[in-house]
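Q: Take a look at the letters that make up each chain.
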Amino acid sequence: MPDLEQQLTALAAEIEWPPTPRLHVSMPLPARREGRGWEFPIRLSPRLSRPLAIAAAALVIVAIALAAYPPSRDAIARWVNLHTTIQRVPNPPTPSPLPSGSTGERLHLGSPTTLGAAQQKVTWKIAVPSTLGQPDEVYLKEPPSGPTQDEVALVYTERAGIPTSRLTGVSVLVMEARGKFDEIFFQKTIGSEGTIEEVNVGGHAGYWITGPPHDFFFTQADGTRYFDTLRLAGNTLIFDDNGTLVRIEGDLTRDQAIRLGASL
Amino acid sequence: MEGRPADDPDLITRAQRGDKAAYEEIVQRYQQIAFRTAYVVTGSAADAEDAAQEGFMKAFRALDRFRAGADLRPWLLRIVANEARNRVRSSGRRHQLELRLTEGFRPGDAAPSPEAVAVAADERRRLLETINALSEDDRLVIASRYFLDLSGEETAAALGIPEGTVKSRLSRALARLKARVEEAASA
Numbered sequence: 001m002p003d004l005e006q007q008l009t010a011l012a013a014e015i016e017w018p019p020t021p022r023l024h025v026s027m028p029l030p031a032r033r034e035g036r037g038w039e040f041p042i043r044l045s046p047r048l049s050r051p052l053a054i055a056a057a058a059l060v061i062v063a064i065a066l067a068a069y070p071p072s073r074d075a076i077a078r079w080v081n082l083h084t085t086i087q088r089v090p091n092p093p094t095p096s097p098l099p100s101g102s103t104g105e106r107l108h109l110g111s112p113t114t115l116g117a118a119q120q121k122v123t124w125k126i127a128v129p130s131t132l133g134q135p136d137e138v139y140l141k142e143p144p145s146g147p148t149q150d151e152v153a154l155v156y157t158e159r160a161g162i163p164t165s166r167l168t169g170v171s172v173l174v175m176e177a178r179g180k181f182d183e184i185f186f187q188k189t190i191g192s193e194g195t196i197e198e199v200n201v202g203g204h205a206g207y208w209i210t211g212p213p214h215d216f217f218f219t220q221a222d223g224t225r226y227f228d229t230l231r232l233a234g235n236t237l238i239f240d241d242n243g244t245l246v247r248i249e250g251d252l253t254r255d256q257a258i259r260l261g262a263s264l
Numbered sequence: 001m002e003g004r005p006a007d008d009p010d011l012i013t014r015a016q017r018g019d020k021a022a023y024e025e026i027v028q029r030y031q032q033i034a035f036r037t038a039y040v041v042t043g044s045a046a047d048a049e050d051a052a053q054e055g056f057m058k059a060f061r062a063l064d065r066f067r068a069g070a071d072l073r074p075w076l077l078r079i080v081a082n083e084a085r086n087r088v089r090s091s092g093r094r095h096q097l098e099l100r101l102t103e104g105f106r107p108g109d110a111a112p113s114p115e116a117v118a119v120a121a122d123e124r125r126r127l128l129e130t131i132n133a134l135s136e137d138d139r140l141v142i143a144s145r146y147f148l149d150l151s152g153e154e155t156a157a158a159l160g161i162p163e164g165t166v167k168s169r170l171s172r173a174l175a176r177l178k179a180r181v182e183e184a185a186s187a
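Listed in order, the protein sequences are those of chains A and B.
So the first sequence is residues 1 to 264, counted in this note's numbering.
So the second sequence is residues 1 to 187, counted in this note's numbering.
Just chain B, same shape as in the assembly (with noise of 0.2 Å):
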């Protein structure tokens, strides 16, 4: 129907046969989360836009193995996020991911008092600073799970685990962060 954005299956059909409009729709439609994905695993912004762009060359080019009805977000950040891990592989180095909080309010939040603000502004931060603080493995999988809302297929897919694993490791990581949250308040 014109000017109702096409699925994804009728995208990656039209892909298939070659038309170059449809599969730069699905870069467009994914790109965002494809490269906030590889940040996760790279750190790096730089080599997360390298890894997304040739992530999603590497899928057009696998578009004929592509398996009908399956879901395209999870197969898109398998292949853009392998080529995250590859990067780090070969470069030997992976840069310590610094997750920050955004400045201000969101466009449409209930204005709160300056106290509340500043409360709930130092909650987060010192969240986030846990967060931060954590093993890599719980750090990537708590920011696949409910920074980047990834399903537990796409996180493991992100992480390059069994999806399995994802739910046994975020559970380990969730207690792992409460445990050190708890410390923290009674300090």
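One chain only, chain A, in its complex shape (with noise of 0.2 Å):
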């Protein structure tokens, strides 16, 4: 008998292995269907490529991929071609203890102002939730660290039927931002936790999506875009309000962020 050895190494060539599938990691932009929100043309291998678990797939994978490496932001961000400061913002492992700190410094939203000295310096009319009425804080982030055209964030630290966040210590946080509505995308990233839904907000396109912190990206009004993460451990609205992107997070249920958000 031929040694052990010289049976398993000739043995290899005899071996069948499953045919090897055709992987496929690019990342197109997705293109937006008229009148039906985005579709992530995201190509997968062809056991994924029904629809519904191309986009589940697609947000998966992004979401697994960024929360496993941070720091690979950059690379992202370079593989789409971004040409925006990436702000690298942590996505906090645990909802407690919170970070000393304001709210401000805590969650990154940039320099605390007034509404109305906000309302002077961005360009779009910003909204304010009458179901929340004014904000308890209101901060501006700039460029670099922010988008080319400010951000705006309203803090809600508190507010009735809606728990204190424990991540955040506050109730409710809505993000304002201006960009192109034709243009946007943003690629929420969930965690096998984690669901998205189109849902429509007072006549806007929009998505509900729950789960741990994500990330998204969204095209800004010069086309650069935006990277991001949204903050909360809860969850998320998003949609577009006439070339603003308004994001609400908090520990809402879906019915309680689109009526807020349709009170804008």
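Treat each hint with caution, since some may be false.
[Unchecked claim] Here are the simulated EDC-like cross-link-like pairs (lysine to aspartate or glutamate), alpha carbons at most 16 Å apart as the crow flies:
(1) B/K178 x B/E129
(2) B/K178 x A/E142
(3) B/K167 x A/E5
(4) B/K167 x B/D149
(5) A/K125 x A/E5
(6) B/K20 x B/D71
(7) B/K178 x A/D240
(8) B/K178 x B/D149
(9) B/K178 x B/E163
[Stated by the list, open to error] From chain B, some residues computed to sit far from chain A (all C-beta separations above 10 Å):
(10) V27
(11) A70
(12) G160
(13) E183
No wet-lab data here; the hints were simulated from the structure.
C-beta: ideal position from N, C-alpha, C; glycine also.
Both chains are sitting in their own frames, so use the hints and assemble them into the complex.
A: Structure representation (structure tokens):
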């Protein structure tokens, strides 16, 4: 009998392996379908090519990778040809204890300001949800850490019927930034526990997102793209209010968030 | 040089600069060995496909941390194999890796006599059955080293064990395999 190792080496050529699938890792920009929101044409393996699977798998892939490798966002930015400055916003791994510092510092919201001062600075009409009333704190984030046309954060520390997030210490965070609707794309990244659902917010197309902290991109008015992290461990509503991208983050139910968004 | 395949360092440099085509070439170059490595770890073609897909995505995101001058293949295989092991852990199940023989002869084989064909095929089949009956650790290290033709470093990466352990584990696996083959022959 030939040497056992020789037999094994010879046997290698006779092993029947499953066919190697063609793997794709490119991430082309999504195209918007007329009247139907966005589709995410991330090319995946044929086995995952069903429409629902495409969207889910694409999101999960980005989510897991981003969650696992937060320092690699520069690489992602280069891959999708992002030209804006990437702000690294660490995903807090646990909801407690709260880090020290003011809300703005803890959540990287920018500089504290007032609603009036922020309104004078930005080019769009800052929308305030009537169901929440005046914000307790307002922050303005400008370039280079913020989007090219700034970002406004409205902080609601406590509101009846909405639990205070153990992660951030506030009830609701409303973020507003300018972007072109037909070029906006975001790739909300969700973990295996996350979900994404297309919703209508007062006539505006939007997405209801649940799950752990996640990241997303959006296209700014000048065509460049901005990367940011949704901060709360809870749920998020994102929608386009006539060119202003609005994000509502908090431990809200879906219906609560949509009502809140529709009250802007 | 035009027409000549780019070497790995060149592809890595280009991919790190954001050249999609370069990274896609890396994927194409290593997708078969990555998929098969993941298959050995998971025992499932579907899980292996997902692990390889995910592994290449993670590798891309980690390109900035790739150490210049290091070998790309073991680095990629480590990431893919880690992903495969994570899938096995998270699903709580590992499929039994069942290796099988291809049917017929490879192109270029000399035409042996029908009797020799039958004997050789029977020997190979029995050897593979014996391997399939080994413990998981033994089966995986033999498959990695001989069937995937992984280096010691790559085998260590695929199995998630220190490189020094590969040699001792392989040695013990071969000893057990040899004992079983001899036991079967004398029965």
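Q: Work down the list of hints and note, for each, if the structure agrees.
A: Status of the hints after comparison with the structure:
Taking the CA atoms of B/K178 and B/E129, the gap is near 13 Å; set against the 16 Å cutoff, the hint holds. As the CA atoms of B/K178 and A/E142 are separated by approximately 70 Å, the hinted pair breaks the 16 Å bound. Between B/K167 and A/E5 the alpha-carbon distance is near 14 Å, which keeps this suggested pair within the 16 Å criterion. Between B/K167 and B/D149, the direct Cα distance comes to roughly 14 Å. Compliance with the 16 Å bound is thereby established for this hinted pair.
Taken as a hint, the A/K125 and A/E5 pair is broken in the structure, with Cα atoms around 75 Å apart against an allowance of 16 Å. For the suggested pair B/K20 and B/D71, the alpha carbons sit about 20 Å apart, so the restraint of at most 16 Å is broken. About 68 Å separates the Cα atoms of B/K178 and A/D240, which puts this hinted pair outside 16 Å; it is violated. Proximity of B/K178 to B/D149 is assessed by CA-CA distance (about 20 Å); at most 16 Å being required, the pair is judged violated.
A hinted pair counts as satisfied when its Cα atoms are at most 16 Å apart, and B/K178 with B/E163 does not qualify at roughly 23 Å. The Cβ of B/V27 sits about 6 Å from the closest Cβ of chain A, inside the 10 Å cut-off, so the non-interface label is violated. For B/A70, the requirement that its beta carbon stay farther than 10 Å from each beta carbon of chain A is met, with the minimum near 17 Å. The claim that B/G160 is not at the interface with chain A holds, since no C-beta of that chain comes within 10 Å of its own (minimum 16 Å).
Every beta carbon of chain A lies more than 10 Å from that of B/E183, the smallest distance being close to 13 Å; the non-interface claim holds.
This entry does not satisfy hints 2, 5, 6, 7, 8, 9, 10, going by the numbered hints stated previously.
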